[in-house]
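Could you slot chains B and C onto chain A? The hints should help.
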Amino acid sequence: MSYHFAIIGTQDNPLFEYEFGTSKQGGDGQARFSEQAHHLNQFVLHSSLDIVEEVQWTNGQLYLKVIDKFFTNYISCFITAGNVKFLLLHQPTATATAPGGGGSSTTTRSSTSVGANPTSPQTEEAIKNFFAEVYDNYVKAVMSPFYRVNMEIRSPVFRQRVAAAGRKYL
Amino acid sequence: MASSKASRLGEEVWKTRMDKVNAELVVLTYGTIVAQLCKDFDSDYVEVNKQLDKMGYNIGLRLIEDYLAKSNTVRRCSNFRETAEMIAKVGFKIFLNITPTITNWTSDGKQFSLVFDENPFADFVELPDDGRAQDELWYSNILCGVLRGALEMVQMQVEAHFVSDVLRGNDTTEMRVSLIRYIDDELPPEDD
Amino acid sequence: MVVYSFYIFDRHTECIYAKTWLPPTSSSESHAPGGPTTTLRPASADDAKLIFGTVFSLRNMVRKLGGDDDAFVSYRTAHYKLHFYETASSLRLVMLTDTATLSMRNVLHQIYINLWVEYVVKNPLSPVEHKGGVGVRNELFELGLDQFIGGLM
Chain A
5 MSYHFAIIGT QDNPLFEYEF GTSKQGGDGQ ARFSEQAHHL NQFVLHSSLD IVEEVQWTNG
65 QLYLKVIDKF FTNYISCFIT AGNVKFLLLH QPTATATAPG GGGSSTTTRS STSVGANPTS
125 PQTEEAIKNF FAEVYDNYVK AVMSPFYRVN MEIRSPVFRQ RVAAAGRKYL
Chain B
73 MASSKASRLG EEVWKTRMDK VNAELVVLTY GTIVAQLCKD FDSDYVEVNK QLDKMGYNIG
133 LRLIEDYLAK SNTVRRCSNF RETAEMIAKV GFKIFLNITP TITNWTSDGK QFSLVFDENP
193 FADFVELPDD GRAQDELWYS NILCGVLRGA LEMVQMQVEA HFVSDVLRGN DTTEMRVSLI
253 RYIDDELPPE DD
Chain C
62 MVVYSFYIFD RHTECIYAKT WLPPTSSSES HAPGGPTTTL RPASADDAKL IFGTVFSLRN
122 MVRKLGGDDD AFVSYRTAHY KLHFYETASS LRLVMLTDTA TLSMRNVLHQ IYINLWVEYV
182 VKNPLSPVEH KGGVGVRNEL FELGLDQFIG GLM
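For the record, the sequence lines run as chains A, B and C.
Residue 86 in the working numbering sits at position 82 of the first sequence, and the numbers go up by one each step.
Residue 219 in the working numbering sits at position 147 of the second sequence, and the numbers go up by one each step.
Residue 185 in the working numbering sits at position 124 of the third sequence, and the numbers go up by one each step.
Chain A extracted, bound-state conformation:
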């Protein structure tokens, strides 16, 4: 499973980007996107913004779950009250699902589902937790007096915390 996480400002401008892979089931946390995919991912995420705008008014939730799919790329969205979008592109890979069968404990099984089925409740829950933690840290980052609205988030501390949240839930 590989992830591409992006925060999009109110002017559809990117504020933050981070690529990572799963840390469950012995994953090394590295993204396994192909060379071209890096740029493709940005396009995919950008194009999904249109759908975000449609979906965001249909329910009052901040977490909009999976809103878009492009081949094997699934896009989950979380939108803040200030209309800043958190987008997570997740791409299940064959390697993530193949060795999963052996585990019998619940944690292994649920993390297996995170890898295997992008629309399963467990995946939704894991991504929700990830978003919640990132949101928490995002609020702290923008509370810094030197941060201005729609400014790129350059804080290394924030990047570390996003990475930590990724390791923890995905």
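Keep in mind that the hints were calculated from the coordinates and are not lab data.
Which residues of chain B face chain C? A partial, calculated answer using Cβ under 8 Å:
id	residue
1	Leu133
2	Arg134
3	Glu137
4	Ala141
5	Arg147
6	Arg148
7	Met225
8	Leu259
9	Pro260
As the structure is a prediction and not an experimental result, all values here were calculated from the model.
Built from N, CA and C at the ideal position, the CB exists for glycine as well.
Quick look at chains B and C alone, frame taken from chain A:
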């Protein structure tokens, strides 16, 4: 013994006589001031430090009266060590609800350090990553001015400056305070 | 109990506030040459200077005799009693009352805490230094003082 008395006084005044205000309001207000100063002075951090100190000085001149009134202080401190105790355990306690640690006294008893375990001004703050702020900006420099102004009103001329700050990546936040002299009473002008 | 007058001196020894509660009749007495009622004249700038000189000298003398922690509290003449209170920030409050009045130290302390600090120091538009009494004579302070003193009498 005097030190525990000061702690008790600080605790009591903080609990019974102080109006409380939301901590985030303080953080954001102070942060806005610093950020605006940085903008106004084109990130000339030396100048920003100076302005913060000046603002603090003007606050201190007034704040001391509130301190004296709230803590019911009638008597001057008998020495600078007692002054340090009162600053840390009463002053900082009642206005910011923190108690910095007093350390590193010089042998002549005229210089000490205040080490801040927590700094309510600095929550959420990350200094600008322009490569200079980390070395030049003392984010909480207003506190130095406050001490300078407040102590001047009780006839102590002091010099205060930060020597380290966790925001800069140091292990501690430490302010150095030195007594320069006690100011004499002003005498009435000679009658013509 | 009768309060005759009240003065505030700042740390620069300047009189920044003066108020008298003298009955109007006393002004006629002031013309009595050399009479014992000289202090009951309406307050003037010279009074303030005189009073400051007196309390300042007395305070220094008291400290010399009784040590730095000793405080000069009041003195009494045949006609009035003067009460003195000094804050750690060198603000001096002086009140003149009739001779029968007990210690007014607490009253002066209350004036400092509840009126001076609240209405003068905490007024953001008032200057820090009150040269010539700027910023002291604001409505809240005057009103509060009048009510407070009125409540005592």
